[in-house]
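Engineer: So you can see what is in the structure, the chains are spelled out below.
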Amino acid sequence: MRERRRAAWRTAIVATLAFAAGLAVAHSATDGFEAYTLESARRLAALRSPARVPALPLDLADGGRVFLSEVPGRVLLVDFIYTSCPTACVALGSVYAQLQRRLAAEIAAGEVRLVSISFDPARDGPAELRAYRARHGASAAGWELGKPAHAGELQSWLSAFGVVVIPDRLGGYAHNAAVHVVGMDRRLVAILDPQDIDGIVKAARVAAGRTLHAAAR
Amino acid sequence: MPPPADPARAMAPAACAWIVLAAPASRAWLESSMALHMLVQLPLLAAIGWCIGRSWMHSRPGGAAARALAGVQSFNAGGATGLIAASFVMVLWMLPRFLDLARLDAAVDAIKFASVPLAGLAVALSWPRLPVIARAVVHLEVIATLLRFGWGYLAADERLCLAYLSGDQQFTGSLLLWFGALYAVAIAWRPVFGGIPHARPA
Numbered sequence: 002m003r004e005r006r007r008a009a010w011r012t013a014i015v016a017t018l019a020f021a022a023g024l025a026v027a028h029s030a031t032d033g034f035e036a037y038t039l040e041s042a043r044r045l046a047a048l049r050s051p052a053r054v055p056a057l058p059l060d061l062a063d064g065g066r067v068f069l070s071e072v073p074g075r076v077l078l079v080d081f082i083y084t085s086c087p088t089a090c091v092a093l094g095s096v097y098a099q100l101q102r103r104l105a106a107e108i109a110a111g112e113v114r115l116v117s118i119s120f121d122p123a124r125d126g127p128a129e130l131r132a133y134r135a136r137h138g139a140s141a142a143g144w145e146l147g148k149p150a151h152a153g154e155l156q157s158w159l160s161a162f163g164v165v166v167i168p169d170r171l172g173g174y175a176h177n178a179a180v181h182v183v184g185m186d187r188r189l190v191a192i193l194d195p196q197d198i199d200g201i202v203k204a205a206r207v208a209a210g211r212t213l214h215a216a217a218r
Numbered sequence: 008m009p010p011p012a013d014p015a016r017a018m019a020p021a022a023c024a025w026i027v028l029a030a031p032a033s034r035a036w037l038e039s040s041m042a043l044h045m046l047v048q049l050p051l052l053a054a055i056g057w058c059i060g061r062s063w064m065h066s067r068p069g070g071a072a073a074r075a076l077a078g079v080q081s082f083n084a085g086g087a088t089g090l091i092a093a094s095f096v097m098v099l100w101m102l103p104r105f106l107d108l109a110r111l112d113a114a115v116d117a118i119k120f121a122s123v124p125l126a127g128l129a130v131a132l133s134w135p136r137l138p139v140i141a142r143a144v145v146h147l148e149v150i151a152t153l154l155r156f157g158w159g160y161l162a163a164d165e166r167l168c169l170a171y172l173s174g175d176q177q178f179t180g181s182l183l184l185w186f187g188a189l190y191a192v193a194i195a196w197r198p199v200f201g202g203i204p205h206a207r208p209a
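Protein chains in written order, with this note's numbering: chain A, 2 to 218; chain B, 8 to 209.
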């Protein structure tokens, strides 16, 4: 009887500890019960602890090779695409054409630059990338397109931004399409839905230190 | 299940099954689809732990294994500790974030391959000690969890797992709903349709 009571007490203590440990693990693994998906986790991470974008070279569609950290412009709006994409990237393309118009002043002032990076370097050469930009009726002003200079570095590019690309069984890819805001110190400071054009414009202006001007307009 | 003659021998098939599941080819195959990952691989890993737990419970009285078991169970009166720990493990691995991470990151997958069999083992050690009312609560919670996750995956507009296609997500959601419904029927069958208990002779 005494032994049973002792086991019950011991269990009560250990079970409470197990419960507390379970909650603690769940709390830290979901960023304080806020991110239950990888997508929300990477967006939260960009806001809470912006990481530096990788120092990797990019082959530009308009010629030349640059590191993302050296692309001119205080703020970069980066997206990942493949030009033969029938769905998400078409939407992203038209979003970028709209951003180019909405942010024309900032682009002209050298404050904002749009950067589209292909994750399908085998199929997307400079001609395909330029055709993609032209398809959306956009001029070249302030919109760079490129692909990883070394195909072997593609995964590093994707991991750094938290982009996951999987085959869609139709010969294309499914990917988490988003607009990545890279700030002045070349850290990834925000990740936004492509549909949220107002939000992207605002985030770009904030990151470029244009908040007051933006509010005044 | 009759107690096996030699528990150590009964553990060997479970260990083999674990190794087979952990082999790169079967890992890649079972994690290639969300439905296989969640509804085949996770239950199989838990079942391996459960089998090991069962054979541990039947280990030779007085032996080292039996003494270790008695030590563990002295912290598991009524099966409470084991079930609490197992619940956390199983629910976490069903979340989209951890399905994704297990698929994309081998280190996270290793944690899954260790923790899910341990959860199954904990259930095997705890279930026989669980009071009947608590068993009913656990059954209800399992049904509710399957339906909750099923509905969540089925009704989501966006892709919740980045490593899986949206069609896969919907299929998994509907399978979870079916599993929840079948589980409910299986549990309720005997109490509801089990027939009248035999009348005792006067």
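Worth flagging that the hints you see were computed from the coordinates, not collected in a lab. Don't take each hint at face value.
Stated by the list, open to error - Derived coverage of chain A by chain B (criterion: at least 3 residues anywhere in the stretch with Cβ under 8 Å from a Cβ of chain B; other residues may be distant):
no., region
1, 55 to 69
2, 166 to 178
Unchecked claim - Stretch by stretch, here's where chain A covers chain B in the computed footprint (C-beta under 8 Å, at least three residues):
no., region
3, 85 to 91
4, 143 to 155
5, 170 to 177
In this text, a Cβ means the ideal position worked out from N, Cα and C, and glycines have one as well.
Engineer: If a hint holds in the structure, say so; if it does not, say that too.
Structural biologist: Hint by hint, here is what the structure shows:
1. 55 to 69: With 0 residues in contact (Cβ-Cβ under 8 Å with chain B), the coverage given for the region 55 to 69 of chain A is violated.
2. 166 to 178: holds (count 5)
3. 85 to 91: holds (count 4)
4. 143 to 155: violated (count 0)
5. 170 to 177: holds (count 4)
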